[in-house]
Amino acid sequence: MVALTSLLAPLLLLALLPGAPGAVRVAGVSLAWWYAGLVGPVLAVGLTTALLVRASE
Amino acid sequence: MIALHGIAAWTGPVLVGAVATRVAAGAPDAPLLVLAVVVAPLVALVQPRVAETPHVVCAAAAAVSATLVLAASLVPLGDAALLLGARRWHGVALAAVLALLLTLTPGRHGWRLAALAAGGGALLLVLGVLASGTARAPWDAWRDAAARPALRFGEASPWVTEGGWFARRTSLAFAEGHRLVAVTPGTFRVVEQEGASYVVRDWRLAAGDPLSVRPGDRLTVEAGSRVRFEAGKRVPGAASSGAVWAEAGAAPLATSVAALVTLVLGAIGLVPPAGRRAMAAPAALVALALGAACWGVYAVATTPDVMLGGSVAEPLLRLPEAVPRARGLAPVVALGLLALFVAAAGALRERVGAPAGSRGAVVWAAMLALAAVGSLWPFDPWFLLMAGLGFAAATIAAPRLAAGGGRRVAGWPVEAIGALAGGVAFVGVVVLGPRLPVALGAVAESPALLAAPAGWLAVRLLRWTRLA
Numbered sequence: 001m002v003a004l005t006s007l008l009a010p011l012l013l014l015a016l017l018p019g020a021p022g023a024v025r026v027a028g029v030s031l032a033w034w035y036a037g038l039v040g041p042v043l044a045v046g047l048t049t050a051l052l053v054r055a056s057e
Numbered sequence: 001m002i003a004l005h006g007i008a009a010w011t012g013p014v015l016v017g018a019v020a021t022r023v024a025a026g027a028p029d030a031p032l033l034v035l036a037v038v039v040a041p042l043v044a045l046v047q048p049r050v051a052e053t054p055h056v057v058c059a060a061a062a063a064v065s066a067t068l069v070l071a072a073s074l075v076p077l078g079d080a081a082l083l084l085g086a087r088r089w090h091g092v093a094l095a096a097v098l099a100l101l102l103t104l105t106p107g108r109h110g111w112r113l114a115a116l117a118a119g120g121g122a123l124l125l126v127l128g129v130l131a132s133g134t135a136r137a138p139w140d141a142w143r144d145a146a147a148r149p150a151l152r153f154g155e156a157s158p159w160v161t162e163g164g165w166f167a168r169r170t171s172l173a174f175a176e177g178h179r180l181v182a183v184t185p186g187t188f189r190v191v192e193q194e195g196a197s198y199v200v201r202d203w204r205l206a207a208g209d210p211l212s213v214r215p216g217d218r219l220t221v222e223a224g225s226r227v228r229f230e231a232g233k234r235v236p237g238a239a240s241s242g243a244v245w246a247e248a249g250a251a252p253l254a255t256s257v258a259a260l261v262t263l264v265l266g267a268i269g270l271v272p273p274a275g276r277r278a279m280a281a282p283a284a285l286v287a288l289a290l291g292a293a294c295w296g297v298y299a300v301a302t303t304p305d306v307m308l309g310g311s312v313a314e315p316l317l318r319l320p321e322a323v324p325r326a327r328g329l330a331p332v333v334a335l336g337l338l339a340l341f342v343a344a345a346g347a348l349r350e351r352v353g354a355p356a357g358s359r360g361a362v363v364w365a366a367m368l369a370l371a372a373v374g375s376l377w378p379f380d381p382w383f384l385l386m387a388g389l390g391f392a393a394a395t396i397a398a399p400r401l402a403a404g405g406g407r408r409v410a411g412w413p414v415e416a417i418g419a420l421a422g423g424v425a426f427v428g429v430v431v432l433g434p435r436l437p438v439a440l441g442a443v444a445e446s447p448a449l450l451a452a453p454a455g456w457l458a459v460r461l462l463r464w465t466r467l468a
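Here the protein sequences come in this chain order: X and V.
Under the numbering used here, residues 1 to 57 are what the first sequence spells out, in order.
Under the numbering used here, residues 1 to 468 are what the second sequence spells out, in order.
Please note: incorrect hints may appear among the correct ones.
[Unchecked claim] Among chain V residues calculated to face chain X with C-beta under 7 Å, some are: (1) 34; (2) 38; (3) 39; (4) 42; (5) 46; (6) 139; (7) 142; (8) 143; (9) 247; (10) 250; (11) 260; (12) 274; (13) 278; (14) 282.
The hints are simulated quantities; they were obtained by calculation from the structure and are not laboratory data.
Beta carbons: idealized from backbone N, C-alpha and C, even for Gly.
Start from the sequences and build out the full structure, keeping to the hints where you can.
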């Protein structure tokens, strides 16, 4: 549960760091949106699946 | 309960609409909200199972939370009915009666999975048609939206042609001069800045009367008012350009943390832990949350005025009408929202109705009736949802996470006492909220920030005193 919740931390960090790194565009889309829309969800689903598989063994 | 049934409590129409609206509005916390909407129920799915039957206090707390969440989910259905030309109560009554009939039908439960699949499938299908109709992938639409020099009313926008409708009381800031026309009679408050002072003027307008506002003016419009704007003018309240929308900045840390605490703990309170082979649930959650976010992105790229009326249903229902190939699909979206509500009601009934025993049906019918009546008022559905999740966080999730381990004090399980402490703290913060100092603004906005630790601490203290 803690590991899953900690996936939210990078977005808070991106908002706190000076220079607004979350607004930096990568392939035309901001870093914050790449993380919120792709990297974070993929990591969250992968982690949840691994935890559920381990729990069912 | 299989995991897909459980997550239906989370994927109601209010959350889907709120994500789309916040993304379309360029809210500073939009990326965080999208990720939190995915992560929070996943945290709930991996939480440890609770074996024993909940105490009556915990069951009552779950009923209060579920009623607030149901009311929040009925508001967009009422809005959808209005946007499709019916009355608000038609949408609310249809959804409430359908949910009541299905949830009280003994035996069959297959409809819950079917409703979730139909609702999610309908929204994702129309999203696919939007992507095909605009010939843009979501990331291309994001780039196009970010490249818009200004977010302006289009020639064909209903806000320009027949007049848009304000779902709730709204205050609009104008960056340029506008000439509005009242479509229905109403009172409009304009706050004009004259030097260092402000002048407040109330205008009582009849249908067809114009109202001119200057740059810097603020206009307050009452719920239910209908107004026409001029084509080509900037949408008041929207970001000044696509670049500003794309780089919306950051919400204050305390506000973001408060929202995250409410969402994550609220999900733990309302979404049950997953059983075995629950692999479809995470995928379904991601598809729905990201689908809603994409809806918001397409809204900015094509019709940036969809969040003006304050209805979370508006981006979902108006967008298909703005894309030629998707025209006529708004009723499909409305049916999808209805299906998601029915699925959510089924999941919430399971969470609340089962512990209520033989009186479960009566309690459930009363909850649905209360939620339906409450949703007829022009409440902000996001406020209702966060209230429901916050109450669940303080009274269900926090005491459970404190792990009372079945201990009792004076015959009461310590979790029930924790729920009482959390509930009292939550209500206390709500009552005292307007009197709290500005520094505690995040607590006043999200009472769970204080109430959840109160519920958790009560259980831990009781555990400690029993062990000592």
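Here's how the hints hold up against the structure:
no.	hint	in the structure
1	34	holds (5 Å)
2	38	holds (5 Å)
3	39	holds (5 Å)
4	42	holds (4 Å)
5	46	holds (5 Å)
6	139	holds (5 Å)
7	142	holds (5 Å)
8	143	holds (4 Å)
9	247	holds (4 Å)
10	250	holds (3 Å)
11	260	holds (6 Å)
12	274	holds (6 Å)
13	278	holds (5 Å)
14	282	holds (4 Å)
Of the numbered hints listed earlier, not one is contradicted by the structure.
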